[in-house]
Amino acid sequence: GESVGLHLPTLSVQEGDNSIINCAYSNSASDYFIWYKQESGKGPQFIIDIRSNMDKRQGQRVTVLLNKTVKHLSLQIAATQPGDSAVYFCAEMPEGSARQLTFGSGTQLTVLP
Amino acid sequence: EPEVTQTPSHQVTQMGQEVILRCVPISNHLYFYWYRQILGQKVEFLVSFYNNEISEKSEIFDDQFSVERPDGSNFTLKIRSTKLEDSAMYFCASRESGRAGKNIQYFGAGTRLSVL
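Same order as they appear, the protein sequences are chains A and B. Under this note's numbering, read the first sequence as residues 97 to 209, first letter to last. Under this note's numbering, read the second sequence as residues 21 to 136, first letter to last.
No wet-lab data here; the hints were simulated from the structure. Careful: at least some of the hints might be erroneous.
Claimed, not checked - On the chain B side, residues computed to face chain A include the following (Cβ under 10 angstroms): (1) S29; (2) Y51; (3) Q57; (4) Q61; (5) K62; (6) E64; (7) L66; (8) V67; (9) S75; (10) M109; (11) F111; (12) A113; (13) F127; (14) G128; (15) G130.
Claimed, not checked - Restricting the straight-line Cα-Cα distance to at most 16 angstroms, the calculated cross-link-like pairs of lysine to aspartate or glutamate (EDC-like) are: (16) K62/B - E135/A; (17) K122/B - E191/A; (18) K103/B - E38/B.
Predicted model only: the values in this text are computed from it and were never measured. Idealized CB from N, CA, C, for every residue including glycine.
Required output: the full structure, derived from the provided sequences and hints.
Shown next, in the form of structure tokens:
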């Protein structure tokens, strides 16, 4: 079946550097994408979202890029901080009334001092 | 800030027993969801609920599972006869509406279910 997947299971970056987390999706019917952050023992926390009619969206220190041609999503974190250490999931939402999320496998981001 | 709350945080049960996981979604939200996450794996959709009925369910959500909104605030997931493989984190989520800008699903902290 169709699924959302992540390219890298782990990513280590130096504090202050920029982080890029990638995600591939395969459901062409998805029109909405979300990045979530999950810290140990907690539920997924919303970071940023993007609709399929956009290719870039910026938040505070985060940017999401969407390339529909190759079905690729990325999350850029500027000036990564120790508090950014977590597992990051991309999720896609297909059109339809229920709008349930399909999550990718997750990338563990570790920020090194 | 409004949040989704789940109780208990950890539930330990014997195989074959019934469990009820409880959630209080954000008060003005209309769409409710249950997801599960087996240790070390990705979050998986179980069921969505809107207007007092199930709107979508996954293959995981078999006859052993049921959901209910018994009153105006609680949203529960019942597993009738737990199996070892039901051990996982169970997350409740809610969404305000289908309008643009209101699609974000907010998650609770989860209930860790351990089936022995």
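Legend entry - Hint check against the structure, violated hint numbers in rising order: none
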